[in-house]
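Chains B and F, in that order, give the protein sequences.
Under the numbering used here, residue 598 is the last one in the first sequence; the count climbs by one each step, no gaps.
Under the numbering used here, residue 598 is the last one in the second sequence; the count climbs by one each step, no gaps.
For the record, the hints were derived by calculation from the structure and aren't laboratory data.
Take these hints with a grain of salt, some might be off.
Pairs involving identical chains hold if they fit within one copy or between any two copies, as the list cannot separate such chains.
DSSO-like cross-link-like pairs, simulated, lysine-lysine; straight-line CA separation at most 30 Å [to be verified]:
hint, residue 1, residue 2
1, K441, K283
2, K551, K450
3, K416, K551
4, K301, K280
5, K416, K450
6, K301, K441
7, K290, K307
8, K280, K551
9, K290, K416
10, K283, K301
11, K416, K307
12, K416, K441
13, K416, K284
14, K301, K416
15, K307, K450
16, K290, K301
17, K441, K280
18, K290, K450
Owing to the predicted nature of the structure, the values given are computational and were not obtained by experimental measurement.
Number of protein chains: 2
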Amino acid sequence: MVTIQDVARAAGVSTATVSRVMNHSGYVSEKTRKKVREALKSLNYSPNPFAKGLITRKSELIGYVLTNIENPAYVPTARGIQDAAWVRHYQVLIYNTDGNEAREIEFLSHLRRIRVDGIIHDSVETPESHLIRTHLSDLLNDGVPIVMLGTPIEGVRVDRVSINNAKGFHLIVEHLVQLGHRRIAFIGGPEKNFIAEDRLKAFVQSMESFGIEVDSELVRHADFRESGGYAEAAHLLAMDRPPTAIAAANDLMAIGVLRCARDHGVRVPEELAVTGFDDIRDATLVFPSLTSVVVPSYDIGKRSVAILFERIDGVDRLPEEIFIEPVLAIRESTVPRTARRAKREAASR
Amino acid sequence: MVTIQDVARAAGVSTATVSRVMNHSGYVSEKTRKKVREALKSLNYSPNPFAKGLITRKSELIGYVLTNIENPAYVPTARGIQDAAWVRHYQVLIYNTDGNEAREIEFLSHLRRIRVDGIIHDSVETPESHLIRTHLSDLLNDGVPIVMLGTPIEGVRVDRVSINNAKGFHLIVEHLVQLGHRRIAFIGGPEKNFIAEDRLKAFVQSMESFGIEVDSELVRHADFRESGGYAEAAHLLAMDRPPTAIAAANDLMAIGVLRCARDHGVRVPEELAVTGFDDIRDATLVFPSLTSVVVPSYDIGKRSVAILFERIDGVDRLPEEIFIEPVLAIRESTVPRTARRAKREAASR
DNA sequence: TTGTACGCGTTATCAA
DNA sequence: TTGATAACGCGTACAA
Chain B
250 MVTIQDVARA
260 AGVSTATVSR
270 VMNHSGYVSE
280 KTRKKVREAL
290 KSLNYSPNPF
300 AKGLITRKSE
310 LIGYVLTNIE
320 NPAYVPTARG
330 IQDAAWVRHY
340 QVLIYNTDGN
350 EAREIEFLSH
360 LRRIRVDGII
370 HDSVETPESH
380 LIRTHLSDLL
390 NDGVPIVMLG
400 TPIEGVRVDR
410 VSINNAKGFH
420 LIVEHLVQLG
430 HRRIAFIGGP
440 EKNFIAEDRL
450 KAFVQSMESF
460 GIEVDSELVR
470 HADFRESGGY
480 AEAAHLLAMD
490 RPPTAIAAAN
500 DLMAIGVLRC
510 ARDHGVRVPE
520 ELAVTGFDDI
530 RDATLVFPSL
540 TSVVVPSYDI
550 GKRSVAILFE
560 RIDGVDRLPE
570 EIFIEPVLAI
580 RESTVPRTAR
590 RAKREAASR
Chain F
250 MVTIQDVARA
260 AGVSTATVSR
270 VMNHSGYVSE
280 KTRKKVREAL
290 KSLNYSPNPF
300 AKGLITRKSE
310 LIGYVLTNIE
320 NPAYVPTARG
330 IQDAAWVRHY
340 QVLIYNTDGN
350 EAREIEFLSH
360 LRRIRVDGII
370 HDSVETPESH
380 LIRTHLSDLL
390 NDGVPIVMLG
400 TPIEGVRVDR
410 VSINNAKGFH
420 LIVEHLVQLG
430 HRRIAFIGGP
440 EKNFIAEDRL
450 KAFVQSMESF
460 GIEVDSELVR
470 HADFRESGGY
480 AEAAHLLAMD
490 RPPTAIAAAN
500 DLMAIGVLRC
510 ARDHGVRVPE
520 ELAVTGFDDI
530 RDATLVFPSL
540 TSVVVPSYDI
550 GKRSVAILFE
560 RIDGVDRLPE
570 EIFIEPVLAI
580 RESTVPRTAR
590 RAKREAASR
């Protein structure tokens with residue numbers, strides 16, 4: 250491998266000068282600069298990142314800790330992070346915890362070992378042990394900035410970007426109420442899960458704001474997965490007085506609800522309205538397409554990296570929390586296509 | 250940051266001894282080892298990867314170059330790669346080319362700069378310029394092993410893992426023929442695209458093997474995207490003698506076909522059978538669920554890394570090509586649910 | 001079994 | 001405007 254020495258020799262200058270040309274630092278005469286450039290090119294030189302990192306203490310790497318990249322809700326965020334990072338030629342390391350704390354701890358210590366310049370932490374699980382908190386604190390003490398996306402970790406005060414779940418569910422409930430629904434069921438995530446609780450609270454408060462008391466029979470807990478949505482929908486549809494609408498806490502469960510309705514011969518949206526949350530791409534691919542809360546995940550990814558870079562650049566201010574406002578995408582799972590067309594035409598008149 | 254010197258001092262030994270303990274190399278007495286272990290722990294030491302890399306010349310990083318991680322067909326592969334890499338505590342850098350050659354070239358030189366230990370190259374595009382080849386050759390000359398997954402690059406002889414498209418389409422055509430279809434349309438990828446051509450050829454040969462001549466009117470080119478599948482399906486369904494089955498070269502296009510059929514009031518599978526390729530998760534989520542060729546993407550990812558590690562470890566042999574045999578997943582888009590149930594029952598008798 | 005000292009390839013400081 | 005050289009923190013050959 251060609252080193253800076255080889256380039257210096259070829260250009261007939263010192264290594265210091267080559268370094269100056271490479272890093273656009275210090276003074277170099279135009280003539281020397283040209284010589285060096287040529288040597289650089291002809292030798293196809295690329296600086297050794299290890300030697301460089303030893304001095305600069307920057308790895309130009311950021312870590313993205315998430316539950317599982319196979320969950321489509323994460324993919325646009327990951328892509329947003331990658332794109333924003335690449336603007337400064339940073340690369341992103343993806344760590345799939347699968348909700349396993351031991352794994353996450355391994356990952357956090359790896360992140361520390363390899364000296365990432367920053368971390369984006371995005372997990373749906375609420376950790377039970379304090380070890381994760383300890384490791385995150387160690388990282389912070391080392392000066393590694395962290396931006397939180399999913400579940401906040403108790404006692405770790407860092408910048409946070411979060412979705413306004415209250416607003417999201419207000420949009421959902423408002424929409425359903427306008428359609429005449431009063432008996433609205435909710436399929437949430439696991440108990441003792443921060444995000445699940447936040448969305449449940451958001452649902453209940455929205456209902457109350459419309460003067461509807463929530464029937465506790467209609468509040469179900471599942472696992473954020475399609476199969477969980479299916480199972481809970483089956484339960485709800487088998488009730489003596491089944492709900493006329495089911496609001497799921499995420500799209501995957503809502504898709505499970507759709508499948509369950511179809512299997513039980515329940516027509517959507519005529520007999521049952523269904524809504525999701527996240528607006529993953531599948532929401533538009535399924536039939537009927539799913540009314541969902543649009544979370545601008547790609548932008549959230551970009552935004553997180555912007556904050557991370559501020560910290561990497563040494564900006565010093567108190568941790569802040571940014572709320573992202575979602576919007577509603579109305580589709581066939583709540584409003585029949587013909588009705589939507591009629592509505593659109595009425596609006597355009 | 251604590252260094253090996255600090256640990257040595259704390260343990261009352263030399264840095265060499267600490268290094269020996271850390272790397273399980275050389276002889277260290279049990280007593281000293283214990284002292285060092287304690288110092289290691291109490292100082293919460295982690296070796297500087299830059300200094301280490303400078304010596305070992307290993308970054309413990311591998312690059313995964315693909316078209317776009319937002320395409321669900323890639324996600325399981327990425328996850329397989331990550332999981333297999335993590336077994337040796339390697340991490341994976343994802344590079345989304347978006348089919349843009351300039352971007353890919355930037356990426357390849359970044360990969361070289363940061364001294365990744367290996368590369369997995371997985372692209373649907375067939376590059377037009379020779380620059381990509383040049384960069385890949387540079388990498389190979391530097392001793393960086395490469396495993397190809399998608400489109401082979403002309404003139405770059407490396408290990409390759411590829412799907413047996415011929416087998417895949419044979420399964421599709423066989424299935425459709427058994428159902429009585431003869432007038433089968435094909436919606437492929439762009440012209441001059443390796444994978445698209447390979448799958449088209451696979452389709453044509455399968456058809457011929459069943460003694461069916463392919464009507465060139467029924468062979469369409471699209472872009473591997475849902476919208477492309479929709480548009481070509483619209484064209485096919487508007488023909489005087491429309492096909493009774495449409496085989497798409499990937500699932501996304503097939504899902505577009507399903508949507509188009511629904512919009513035109515064509516019942517699937519009764520009036521039109523539809524098949525995909527890749528078996529992305531959406532294939533089971535859509536309605537009707539999609540008959541598709543199951544490509545074991547996760548395993549392909551793992552397999553690629555296994556080969557990469559062999560090369561990283563210095564195995565010396567000629568480049569080999571591994572063919573992955575796909576299987577068929579029969580779902581509602583070709584066989585009505587009731588028929589499948591009947592069939593199953595008949596089989597179990 | 002342990003320690004000393006060199007070299008890995010940069011960047012940065014200081015002197016020229 | 002340029003060059004010599006001292007770090008950076010580790011692994012390892014060699015000496016003890």
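What hint numbers does the structure not satisfy?
1, 6, 8, 9, 11, 13, 14, 15, 17, 18
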